[in-house]
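Engineer: Now for the letters of each chain:
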Amino acid sequence: QKEVEQDPGPLSVPEGAIVSLNCTYSNSAFQYFMWYRQYSRKGPELLMYTYSSGNKEDGRFTAQVDKSSKYISLFIRDSQPSDSATYLCAMSDEDSNYQLIWGAGTKLIIKP
Amino acid sequence: DTAVSQTPKYLVTQMGNDKSIKCEQNLGHDTMYWYKQDSKKFLKIMFSYNNKELIINETVPNRFSPKSPDKAHLNLHINSLELGDSAVYFCASSHLTGSYGYTFGSGTRLTVV
Numbered sequence: 001q002k003e004v005e006q007d008p009g010p011l012s013v014p015e016g017a018i019v020s021l022n023c024t025y026s027n028s029a030f031q032y033f034m035w036y037r038q039y040s041r042k043g044p045e046l047l048m049y050t051y052s053s054g055n056k057e058d059g060r061f062t063a064q065v066d067k068s069s070k071y072i073s074l075f076i077r078d079s080q081p082s083d084s085a086t087y088l089c090a091m092s093d094e095d096s097n098y099q100l101i102w103g104a105g106t107k108l109i110i111k112p
Numbered sequence: 001d002t003a004v005s006q007t008p009k010y011l012v013t014q015m016g017n018d019k020s021i022k023c024e025q026n027l028g029h030d031t032m033y034w035y036k037q038d039s040k041k042f043l044k045i046m047f048s049y050n051n052k053e054l055i056i057n058e059t060v061p062n063r064f065s066p067k068s069p070d071k072a073h074l075n076l077h078i079n080s081l082e083l084g085d086s087a088v089y090f091c092a093s094s095h096l097t098g099s100y101g102y103t104f105g106s107g108t109r110l111t112v113v
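Chains as they are written, first to last, in our numbering: chain A, 1 to 112; chain D, 1 to 113.
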């Protein structure tokens with residue numbers, strides 16, 4: 001079993017829909033949770049960062065962490081075709097020297 | 001003003017050749033990384049390096065070696081290239097702990113023929 005599980009998709013939704021992307025993990029020591037967005041032929045870019053549990057909102061994006069369930073989510077409201085990309089979750093903890101552990105990435109397609 | 005820059009963007013070479021990929025960051029970060037991304041988009045850490053420590057992923061063949069002339073540069077040398085080395089290689093950097101996330105370069109697409 002991988003430390004971080006993420007459905008590779010593709011996930012295809014119509015423009016304007018609310019998108020939910022998820023990752024589950026097995027290591028309860030993880031404290032830092034991140035979402036990266038990767039456009040085709042580009043490097044991953046940090047989209048959202050959360051420490052420990054709770055929610056964080058930035059514009060149309062909301063990141064949620066539920067440490068009791070070992071589950072993190074990224075919600076995208078009013079999705080746009082420009083949101084079409086691969087979304088990767090990543091997490092780390094102090095004990096493992098903050099080495100990022102990555103999900104496999106979910107390919108998201110927003111249809112106009 | 002590019003934060004993490006890699007050169008070249010594309011590299012096509014024959015099996016058995018030796019090649020290098022260069023990386024530079026202007027963010028003042030103290031830790032730099034090399035990642036390999038395969039065709040299924042999975043990111044695999046190869047090396048992390050700061051002034052004090054080089055951490056090598058034990059699954060990386062010793063044909064791959066990082067070289068850091070200074071804190072802002074981390075180059076990747078690959079000897080005796082094999083077909084299986086074909087992938088996209090990303091350089092990244094972070095503050096020492098990396099707990100606030102990494103900044104990635106745009107990648108080098110390596111094709112070994």
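Everything labelled a hint here was simulated from the structure, so no lab data went into it. Here the structure is a predicted model, which means the values were calculated and not measured. Where hints are given, some of them may not hold.
Derived lysine-lysine pairs resembling DSS-like cross-links, with alpha carbons at most 27 Å apart [to be verified]:
| no. | chain 1 | residue 1 | chain 2 | residue 2 |
| --- | --- | --- | --- | --- |
| 1 | D | Lys67 | A | Lys70 |
| 2 | A | Lys107 | A | Lys42 |
| 3 | A | Lys111 | D | Lys67 |
| 4 | D | Lys40 | A | Lys42 |
| 5 | D | Lys71 | A | Lys70 |
| 6 | D | Lys19 | A | Lys111 |
| 7 | A | Lys2 | D | Lys36 |
| 8 | A | Lys111 | D | Lys22 |
| 9 | D | Lys9 | D | Lys67 |
| 10 | D | Lys22 | A | Lys56 |
| 11 | A | Lys107 | D | Lys19 |
| 12 | D | Lys40 | D | Lys71 |
| 13 | A | Lys2 | D | Lys40 |
| 14 | D | Lys22 | D | Lys67 |
| 15 | A | Lys70 | A | Lys111 |
| 16 | A | Lys70 | D | Lys19 |
| 17 | D | Lys9 | D | Lys44 |
| 18 | A | Lys107 | A | Lys67 |
| 19 | A | Lys2 | D | Lys44 |
| 20 | A | Lys2 | D | Lys41 |
| 21 | A | Lys2 | A | Lys111 |
| 22 | D | Lys19 | D | Lys40 |
| 23 | A | Lys56 | A | Lys2 |
| 24 | D | Lys41 | D | Lys67 |
| 25 | A | Lys107 | D | Lys44 |
| 26 | A | Lys107 | D | Lys67 |
| 27 | A | Lys107 | D | Lys9 |
| 28 | A | Lys2 | D | Lys9 |
| 29 | A | Lys2 | D | Lys67 |
| 30 | D | Lys19 | A | Lys56 |
| 31 | D | Lys40 | A | Lys111 |
| 32 | D | Lys9 | D | Lys19 |
| 33 | A | Lys67 | D | Lys44 |
| 34 | A | Lys111 | D | Lys71 |
| 35 | A | Lys107 | A | Lys2 |
| 36 | A | Lys107 | D | Lys71 |
| 37 | A | Lys2 | A | Lys42 |
| 38 | D | Lys19 | A | Lys42 |
Engineer: Please go over all the hints and tell whether each is borne out by the structure.
Structural biologist: Evaluation of the provided hints:
1. Straight-line distance between C-alpha atoms of D/Lys67 and A/Lys70 comes to about 38 Å, which puts the hinted pair past the 27 Å bound.
2. This hinted pair checks out: A/Lys107 and A/Lys42 have alpha carbons roughly 14 Å apart, not beyond 27 Å.
3. For a cut-off of 27 Å, the pair hint linking A/Lys111 to D/Lys67 is broken: about 44 Å separates their Cα positions.
4. Under the criterion of a C-alpha separation no larger than 27 Å, the hint pairing D/Lys40 with A/Lys42 is consistent with the structure, at around 15 Å.
5. A distance of roughly 36 Å separates the Cα atoms of D/Lys71 and A/Lys70; the hinted pair therefore is violated under the 27 Å criterion.
6. Distance hint between D/Lys19 and A/Lys111 is unfulfilled; the C-alpha atoms sit about 41 Å from each other, more than 27 Å.
7. With a C-alpha separation of about 18 Å, the suggested pair A/Lys2 and D/Lys36 falls inside the 27 Å cut-off, and the hint holds.
8. About 37 Å separates the Cα atoms of A/Lys111 and D/Lys22, which puts this hinted pair outside 27 Å; it is violated.
9. Of the pairs offered as hints, the one joining D/Lys9 and D/Lys67 holds, with about 19 Å between alpha carbons and a cut-off of 27 Å not exceeded.
10. At most 27 Å may separate the alpha-carbon atoms for a hinted pair to count; D/Lys22 and A/Lys56 exceed this at roughly 36 Å.
11. Taken as a hint, the A/Lys107 and D/Lys19 pair is broken in the structure, with Cα atoms around 31 Å apart against an allowance of 27 Å.
12. Note on D/Lys40 and D/Lys71: the hinted pairing is violated, with a Cα-Cα distance of about 31 Å set against a maximum of 27 Å.
13. Between A/Lys2 and D/Lys40, the direct Cα distance comes to roughly 15 Å. Compliance with the 27 Å bound is thereby established for this hinted pair.
14. In summary, the hint linking D/Lys22 to D/Lys67 is supported, as the alpha carbons are separated by about 9 Å, within the 27 Å threshold.
15. Taking the CA atoms of A/Lys70 and A/Lys111, the gap is near 31 Å; set against the 27 Å cutoff, the hint is violated.
16. Between the alpha carbons of A/Lys70 and D/Lys19 the distance comes to roughly 42 Å, so the proposed pair goes past 27 Å and is violated.
17. Proximity of D/Lys9 to D/Lys44 is assessed by CA-CA distance (about 19 Å); at most 27 Å being required, the pair is judged to hold.
18. Taking the CA atoms of A/Lys107 and A/Lys67, the gap is near 24 Å; set against the 27 Å cutoff, the hint holds.
19. Between A/Lys2 and D/Lys44 the alpha-carbon distance is near 13 Å, which keeps this suggested pair within the 27 Å criterion.
20. For the hint pairing A/Lys2 with D/Lys41, the CA-to-CA distance comes to about 16 Å; that is within 27 Å, so the pair holds.
21. Pair hint A/Lys2 plus A/Lys111 does not hold up; C-alpha atoms about 31 Å apart against a cutoff of 27 Å.
22. Between the alpha carbons of D/Lys19 and D/Lys40 the distance comes to roughly 24 Å, so the proposed pair stays at or under 27 Å and holds.
23. A hinted pair counts as satisfied when its Cα atoms are at most 27 Å apart, and A/Lys56 with A/Lys2 qualifies at roughly 26 Å.
24. At roughly 25 Å between alpha-carbon atoms, D/Lys41 and D/Lys67 fall within 27 Å of each other, so this suggested pair holds.
25. Of the pairs offered as hints, the one joining A/Lys107 and D/Lys44 holds, with about 18 Å between alpha carbons and a cut-off of 27 Å not exceeded.
26. Distance restraint check for A/Lys107 and D/Lys67: the Cα-Cα separation of roughly 34 Å exceeds the 27 Å cut-off, and the hinted pair is therefore not satisfied.
27. The straight-line distance between the Cα atoms of A/Lys107 and D/Lys9 is roughly 23 Å, inside the 27 Å bound, and the hint therefore holds.
28. Note on A/Lys2 and D/Lys9: the hinted pairing is violated, with a Cα-Cα distance of about 31 Å set against a maximum of 27 Å.
29. Between A/Lys2 and D/Lys67 the alpha-carbon distance is near 31 Å, which puts this suggested pair outside the 27 Å criterion.
30. Distance check on the hinted pair: D/Lys19 and A/Lys56 sit about 43 Å apart at the alpha-carbon level, beyond 27 Å; violated.
31. Taken as a hint, the D/Lys40 and A/Lys111 pair is honoured in the structure, with Cα atoms around 22 Å apart against an allowance of 27 Å.
32. Of the pairs offered as hints, the one joining D/Lys9 and D/Lys19 holds, with about 13 Å between alpha carbons and a cut-off of 27 Å not exceeded.
33. For the hint pairing A/Lys67 with D/Lys44, the CA-to-CA distance comes to about 25 Å; that is within 27 Å, so the pair holds.
34. Proximity of A/Lys111 to D/Lys71 is assessed by CA-CA distance (about 43 Å); at most 27 Å being required, the pair is judged violated.
35. Proposed proximity of A/Lys107 and A/Lys2 is supported: the alpha carbons are some 19 Å apart, at most 27 Å.
36. The suggested pairing of A/Lys107 with D/Lys71 is violated, with an alpha-carbon distance near 34 Å, which exceeds 27 Å.
37. A C-alpha spacing of about 25 Å is found between A/Lys2 and A/Lys42, which places the hinted pair at or below 27 Å, so the restraint holds.
38. Of the pairs offered as hints, the one joining D/Lys19 and A/Lys42 holds, with about 22 Å between alpha carbons and a cut-off of 27 Å not exceeded.
Hints 1, 3, 5, 6, 8, 10, 11, 12, 15, 16, 21, 26, 28, 29, 30, 34 and 36 from the earlier list are contradicted by this structure; the remaining hints agree with it.
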